[in-house]
Amino acid sequence: MHTYDEDLALWMDAQIQLLLEHRFAELDVDNLVAELDGMKKQYEHELDSRLTVLIMHLLKCQYQKDYPQNKWRSTLIEQRYRLARLLKTSPSTRKLVPKYATECYPIARRRAAEETGLGDDVFPHSLPYSIEQLMDQDFMP
Numbered sequence: 072m073h074t075y076d077e078d079l080a081l082w083m084d085a086q087i088q089l090l091l092e093h094r095f096a097e098l099d100v101d102n103l104v105a106e107l108d109g110m111k112k113q114y115e116h117e118l119d120s121r122l123t124v125l126i127m128h129l130l131k132c133q134y135q136k137d138y139p140q141n142k143w144r145s146t147l148i149e150q151r152y153r154l155a156r157l158l159k160t161s162p163s164t165r166k167l168v169p170k171y172a173t174e175c176y177p178i179a180r181r182r183a184a185e186e187t188g189l190g191d192d193v194f195p196h197s198l199p200y201s202i203e204q205l206m207d208q209d210f211m212p
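The sequence shown begins at 72 in the working numbering and counts up one residue at a time.
Among these hints, one or two may not hold up.
[Claimed, not checked] SDA-like mimics (lysine to any residue), calculated; alpha carbons at most 25 Å apart, straight line:
hint, residue 1, residue 2
1, Lys112, Arg182
2, Lys166, Ser197
3, Lys170, Asp209
4, Lys159, Asp119
5, Lys166, Ser120
6, Lys112, Tyr171
7, Lys166, Arg156
8, Lys142, Ile202
9, Lys111, Met83
10, Lys166, Ile178
[Stated by the list, open to error] Derived DEER-like restraints, expressed as beta-carbon distance ranges:
hint, residue 1, residue 2, range
11, Val168, Asp192, 25 to 31 Å
12, Pro195, Pro139, 20 to 26 Å
13, His73, Ala155, 35 to 41 Å
14, Ser120, Leu90, 28 to 34 Å
15, Asp191, Ala80, 43 to 49 Å
I should point out that these hints are in silico values taken from the structure, not numbers from a laboratory.
Even glycine gets a Cβ: it sits at the ideal position worked out from N, Cα and C.
Using the sequences plus the hints, can you model the full thing?
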C-alpha cells in the first residue's frame with residue numbers, strides 16, 4: 072500500500088478502497104483527519120476570499136463614482152454565483168457568512184481604498200451591507 076508521503080493520490084485511492092470494504096482498522100486515521108481538516112480550512116478560506124472580493128467591489132461600485140458601474144456588475148455576479156455554489160455544497164456553513172463578512176470587511180475596505188485611490192475615511196468603518204444584500208444577485212449599491 073502506498074503511504075501518504077509517497078503518493079497522495081494513490082494513498083487517497085487506497086483509503087477510499089479501505090472505507091468501501093469496511094476495513095476501518097487499516098485506515099491511516101491521522102492523515103485522514105489532517106486531510107479532512109485541511110479541506111475544511113480550504114473551504115473556509117474560499118468563503119472568506121469570495122466575501123472579501125465581493126465586499127471590496129460593492130464598495131468600489133458605491134464610492135468610485137467616476138468609474139462605470141456596469142463594469143462592476145460582472146464581478147459582483149461572478150462572486151455571488153461562486154459564493155452561492157460554495158454554500159450550496161455545504162448549507163450548514165451559511166451560518167458562518169455574517170462572521171466572515173464582518174471579519175473580512177477591514178481588508179476589503181483597505182483594498183478598495185488602495186485600488187480606487189480614495190482615502191480610508193471615504194469608506195464606512197463597519198460593514199454597510201446586510202447579509203441579504205451581499206447575497207442578492209440584483210443588489211447594487
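Please flag the earlier hints that this structure goes against, numbers listed from lowest up. Nothing - there is no hint that the structure violates, so all of them hold.
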